[in-house]
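Take the sequences, apply the hints, and build the full model.
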Amino acid sequence: MRVRIAGARVVDPANSVDAITDVFIADGCVQGIGNAPDGFEIERDLDATGQILIPGIVDLRARLREPGAEHKATIASETRAAARGGITTLCCPPDTDPVIDTPAVAELIHQRAAESRLARVEVLGALTRNLDGRNLAEMGALKEAGCLGVSNALAPVTDTEVMLRAMEYAGTFGLTVFVHAEDARLADGRLVHDGPVATRLGLAGIPEIAETIGVARELLLVEQTGTRVHFCHLSTGPAVDMVRDARSHGLPVSADVAIHQLLLTESDVGSFEANAHVRPPLRSLDDQARLRAGVRAGVIGSICSDHQPHELDAKLNPFPETEPGISSLDGLLALVLDLVDAKELTLVQAVAALTSGPAAALGVERGTLGVGAAADVCLFDPDEQWTLDDASMLSRGHNTPFKGRNLKGRVRICMVDGRVVFEAPSA
Amino acid sequence: MSDKPDVDTLITTLAGKVDNHLAVHHRDSPLMVGVHTGGVWVAKKLHALLGIDEPLGTLNINFYRDDFTRIGMHPMVTPSELVSVDDRHVVLIDDVLYTGRTIRAALNEIFDWGRPASVTLGVLVERPGREIPIQADAIGVRLDLASHEYVKLGGPDPLSLNITRKG
Amino acid sequence: MKKTREMRSSAESLQVDAHGRLKHFLSIDGLDRGLLISILDTAESFAGVGERAIKKVPLLRGKTIVNLFFEPSTRTRTTFELAAKRLSADVLNINATTSSTTKGESLLDTLRTLEAMHCDMFVVRHAQSGAAHFIARHAAPHISVINGGDGRHAHPTQAMLDMFTIRRHKGEFASLKVAIVGDVAHSRVARSQIHALVTLGAAEVRIVAPRTLVPPGVESMGVTVYNDLHTGLADVDVVILLRLQNERMQGALLPSSHEYFQYYGVTEEKLAPAKPDAIVMHPGPLNRGVEIDSDVADGSRSVILRQVGYGIAIRMAVMSMAIGSHAAAEREDG
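In order, the protein sequence lines correspond to chains A, B and C. Mind the numbering: the first sequence is residues 1 to 427 in this note's numbering, read in order. Mind the numbering: the second sequence is residues 1 to 167 in this note's numbering, read in order. Mind the numbering: the third sequence is residues 1 to 334 in this note's numbering, read in order.
Everything labelled a hint here was simulated from the structure, so no lab data went into it. Watch out, some of these pointers could steer you wrong.
DSS-like mimics (lysine-lysine), calculated; alpha carbons at most 30 angstroms apart, straight line [to be verified]:
1. Lys44(B) <-> Lys85(C)
2. Lys152(B) <-> Lys44(B)
3. Lys177(C) <-> Lys56(C)
4. Lys85(C) <-> Lys56(C)
5. Lys275(C) <-> Lys45(B)
What follows is the structure in structure tokens.
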């Protein structure tokens, strides 16, 4: 289908584009911006006046729960939610069941995604076998099976020597190590940020130093090994400073932040609100401000959903017995736009953090509308108002502290490879 | 009916009737108990008039009311004060006898404090509207009020009877 | 942030209905001074019941109160049971530590099963912070929930009986300096006491403990922190001692109970900086020779034994207030 998307504000930070212009798509690729390519015959002419066109969102970390936790969600259900939310690439961490420590599991996931054809699903391979933190995984084979990087997900690698060797080995294959930096002993079995809210509620707290000690160790290992490291879901102000300093010294490090860390704080745990139980925990107002500043400065190059859909029972228990995690695919774009509305980010900064930034972290040619790029696009109406609730959420998991929140900004059309994967019914 | 009876006169009348009743039934060393709030005001005066030595007992029937499940809890500022009532001739005093429910609650409470030899009921005003088979032994005045009329004792000083109409 | 405000206001209204009546008694946090005073006043009315020949009032006759204890406790459970019986209620004791929950039944399922038996109130004690709030949120609308202690979060009836004790022996709160000594970090009693003292307007609330036992950001609750017992007790009117649990010795928080007693254990001598008429309180059970020595425990300033009796009156008060509010609300809703 030869498509013209006409008159949208096109925001493509990868190519420094921010203009009202036309985009031409055919054969699964972007064929032209502004002027039609020679001899382009339009089969479908989309009037996108008043709307915004960005590259399809690249979500650095989303748990699709397959294989192993299909009672929470499936690749089919979650890619459907992704498409509705303008997310065209999802990256899945290796803590599935079984763990992605063999090519077979990676292939299974790719296959499932190909069956529903609603979004691209990338995977990270395991850093250690079964994420045990002791024995290296077959990273060579995992790379060949299409893993974009390796990670130990939320499982700690407490043995520093193992981490050193794992990073060296990953570097051998040019793989980026995606790290959840945390000192396990200071964080194990704890629940919320170690501060006044933890004290008032009598909940075991995770101190800031649990993250910064973890980041410090990994940074020293990066210096030693030269392996590229990406810090997942930073939650503390001091960690942002450490990453900034490391980058200014030329260390190959990048970082992301989960959208909820930019909008919520420890006080949102309120009176034991189980939907606000996340790992790493929601922290102080100061941490939130510094995380936002980190995104503005480009120190944190990506905002991700950190999507963790759960079945109802997972959150229906006293707070300490609930499973952590927020279902966040459905609201990702609109919540990021909230930050733009609040003048915390410019639209360009926000779009970069959702497209070019994560694509760079993953090392893929995505998140761009350059001529010749795959036509993964997200066209949205920045003014459409809607409410995030059980009726509007497409993810199987409805565990979000944002439920009931009025949002502004909704996807009209989403394409992967030039193929429409979601289109809102015409008003 | 607009004439307001003089309360002091009524109390004197009541005192006489109580005294008489006790004498007729040979009830010695009476223990007087007033029901909060109006009954205690009346009982204080009776207590003085009848020259009873033993301190006046007071009952707050809040925990014995039959309407707790309908109206909920009131914090009680004045608790009941009673000595043992075992084998005593109790003189129970209240301001108005209407449905009989207050006296029912008061009797239940008295019997939780012990086993009296007898209970004499004296009320300042008796009016129609009984819902429980309860009768007074001594009455200050009988007011023949209609169902939409209500009488209330105002106080503590001066005491006055106020009649209101509803509906 | 709109959502946050909604969440917070719904949490606060969990305990109190639109008319300001107590629906559930889950934590002191969230209750205003007026309500705390009504609880104390109501408890005064019940205080005399235990001295009568018939130690009962018929207030809650026909109601069934379930002691749902997921953590073992004889003392607390017995006082709740006594309080319920003095209100003429029927009592059901569920020791959930050995029953269905260990067979893997979820807390919600246990709740639904009990609700099917038409109970009016749950008194809940649980090892996890937030358990009582969880049960109150999910229980059927006619049921009242009283928190008998949840994890490290709250023990509101204990705090109220402590306030009752202070009011009885010291009068009004406005002029009082109170010191809470011991493991505040792990104590649900301390948290509830701090909220109560601050809400009731105590002049100064202090906590005295080694740094490892002081929770982070506790000043935000309205207390001053002292690490030294001598300065911490200077000029105080009330000394509240907390029980030190053995687990603290394992968690690299304290070297030994011996050292704890040396520096934080209260003896007659250590009490010297306090006001001469200061009272000494302890929620019990006592660890003699650890947080308190026998001279003080059995001495003239100790009101420890009286606290127990007041505990029954306080529990009678909150039980009748909560059940009464539900009854009144039902009547109003028609």
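Hints, verified against the model:
Proposed proximity of Lys44(B) and Lys85(C) is contradicted: the alpha carbons are some 34 angstroms apart, above 30 angstroms. Distance restraint check for Lys152(B) and Lys44(B): the Cα-Cα separation of roughly 18 angstroms lies within the 30 angstroms cut-off, and the hinted pair is therefore satisfied. A hinted pair counts as satisfied when its Cα atoms are at most 30 angstroms apart, and Lys177(C) with Lys56(C) does not qualify at roughly 37 angstroms. Pair hint Lys85(C) plus Lys56(C) holds up; C-alpha atoms about 7 angstroms apart against a cutoff of 30 angstroms.
Our distance criterion of 30 angstroms between C-alpha atoms is broken by Lys275(C) and Lys45(B), whose separation comes to about 46 angstroms.
Of the numbered hints listed earlier, those contradicted by the structure are 1, 3, 5.
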